[in-house]
Amino acid sequence: EAQVTQNPRYLITVTGKKLTVTCSQNMNHEYMSWYRQDPGLGLRQIYYSMNVEVTDKGDVPEGYKVSRKEKRNFPLILESPSPNQTSLYFCASSFPGASGGYNEQFFGPGTRLTVL
Amino acid sequence: GQNIDQPTEMTATEGAIVQINCTYQTSGFNGLFWYQQHAGEAPTFLSYNVLDGLEEKGRFSSFLSRSKGYSYLLLKELQMKDSASYLCAYLRDSNYQLIWGAGTKLIIKP
Chain P
675 EAQVTQNPRY
685 LITVTGKKLT
695 VTCSQNMNHE
705 YMSWYRQDPG
715 LGLRQIYYSM
725 NVEVTDKGDV
735 PEGYKVSRKE
745 KRNFPLILES
755 PSPNQTSLYF
765 CASSFPGASG
775 GYNEQFFGPG
785 TRLTVL
Chain C
14 GQNIDQPTEM
24 TATEGAIVQI
34 NCTYQTSGFN
44 GLFWYQQHAG
54 EAPTFLSYNV
64 LDGLEEKGRF
74 SSFLSRSKGY
84 SYLLLKELQM
94 KDSASYLCAY
104 LRDSNYQLIW
114 GAGTKLIIKP
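Protein sequence lines correspond, in order, to chains P and C. To convert a position in the first sequence, counted from 1, into the numbering used here, add 674. To convert a position in the second sequence, counted from 1, into the numbering used here, add 13.
No wet-lab data here; the hints were simulated from the structure. Watch out, some of these pointers could steer you wrong.
[Claimed, not checked] Straight-line distance between alpha carbons at most 25 Å, and here's what the computed DMTMM-like set of lysine to aspartate or glutamate pairs gives:
no., chain 1, residue 1, chain 2, residue 2
1, C, Lys94, P, Glu675
2, C, Lys70, C, Glu22
3, C, Lys81, P, Glu675
[As the list claims (entries may be wrong)] Beyond 10 Å from chain P on every Cβ pair, some chain C residues (computed):
no., residue
4, Glu27
5, Val31
6, Ser80
7, Lys81
8, Gln92
9, Asp95
10, Ala97
11, Gln110
12, Leu111
For each residue, glycine too, the CB sits at the ideal point set by N, CA and C.
Isolated chain C, as found in the complex:
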C-alpha cells in the first residue's frame, strides 16, 4: 500500500510551537520530505529525512522513525508568515516517485 496521513488543519498562536505529524504505511521507503505551500503558490522544500532522528534547521525541525512509520515537523517561534499548508511525502523505493499526503493547513493566530 501507499497510505500517508496527516491532519487536515491545525491552529496555533504566534510565538508558540506546533508539531505536525505524518504517518505512512508502505512496503518500500527511501526517505521522507516536508514541503511548505502558501495558498496559491508552489510547494517549497523544507526538509528530507532518510535516517531516524531529528534534523534541525533554524526554526524548523523534522523527525523520522522508520520503524513506526512516523514523522513530524516542528515549528518554533511561530510567525504569521508560517500560515501555510505543510505537505509530507515519502519516496517510494528508489524509483523517484514521491507519495504525498493531502497536506496540513496551519493557521497562525495573533
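Bound-form chain P, shown alone:
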C-alpha cells in the first residue's frame, strides 16, 4: 500500500530532551516536507527537500533540523525542544510536477507532540 508513515504518533516530552520524529514514504517521491499545524494558524512549512541531500528552510525552521540521506526517509529533529513546539506535525511527500508545476501531496497520519 502506498503510504507515508510517521513515528511516533504521540509523544510527551520535557524541555531540552532531544527527539526525532521519523517519516518514511514508499512511493519513490522526490519531494518531502514537514509541517506543523496549530489551531487558527493552519499548516506551516518547517523544512522541505527536493531530493536526496537537498533540503531547504520553510517558513518556521527555527528549532528544527532535518536530513535527507535516503529518498524514502526524512526525519525531523528537535535538538532542544521547547513548549512552543507543542503542535501537530505532518510529513508529506509528492512527485514534483512537470515544467515547474506541482502534484498533490500525500500526508502521513500526524505526530502529536507535547513539550512540558
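Mind docking chain C on chain P? Use the hints.
For chain C alone, kept in the frame of chain P given last:
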C-alpha cells in the same frame, strides 16, 4: 506578502450545496489547492487549479480567478461525511512551497 484567507466555520444542511471561499494575495502564484481534513486525520487532496475557471470532480468543484486572487470550493448534495475542515493553499512561485489558509470547518446538519 503571502496572505490567504478563508472563513473559519460554515454550517450547511445535508443534501444542500455549500460554497467555501478562499482569497489570497501574493506576488508569486503557481496554482491553488484544496484539501479535506477530517478531525484528527491527515489532509487529503481534493483539487488543483492553475488556470482560471471551474474544475468539476463528482460532487466537488473548484473555481479559480487569478486576476481576483479568488477561489472557491463547491460541494453539492452534501452528506454527513462531508463534515470536515477544508484547507486552501496556493503554490508560491515554483519552489514547491505551499502557503496554507487556516482552514474552514464545515458542519453538516441533518
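Each hint tested on the structure:
1. The straight-line distance between the Cα atoms of C:Lys94 and P:Glu675 is roughly 24 Å, inside the 25 Å bound, and the hint therefore holds.
2. Between C:Lys70 and C:Glu22, the direct Cα distance comes to roughly 23 Å. Compliance with the 25 Å bound is thereby established for this hinted pair.
3. Under the criterion of a C-alpha separation no larger than 25 Å, the hint pairing C:Lys81 with P:Glu675 is inconsistent with the structure, at around 40 Å.
4. The claim that C:Glu27 is not at the interface with chain P holds, since no C-beta of that chain comes within 10 Å of its own (minimum 27 Å).
5. The claim that C:Val31 is not at the interface with chain P holds, since no C-beta of that chain comes within 10 Å of its own (minimum 20 Å).
6. Chain P leaves C:Ser80 outside its interface by the beta-carbon criterion, the shortest separation being 20 Å against a cut-off of 10 Å.
7. The Cβ of C:Lys81 lies farther than 10 Å from every Cβ of chain P, with a closest approach of about 21 Å, so its non-interface assignment holds.
8. Distance to chain P confirms C:Gln92 as a non-interface residue, since its nearest Cβ pair spans about 22 Å, more than 10 Å.
9. The beta carbon of C:Asp95 is kept farther than 10 Å from every beta carbon of chain P, the shortest such distance being approximately 19 Å.
10. With a least CB separation of 14 Å from chain P, C:Ala97 remains clear of the 10 Å interface cut-off, as annotated.
11. Separation of C:Gln110 from chain P is inadequate, the least Cβ-Cβ distance of about 6 Å not exceeding the 10 Å criterion.
12. Look at C:Leu111: its CB is around 7 Å from the nearest CB on chain P, not clear of 10 Å, so calling it non-interface is violated.
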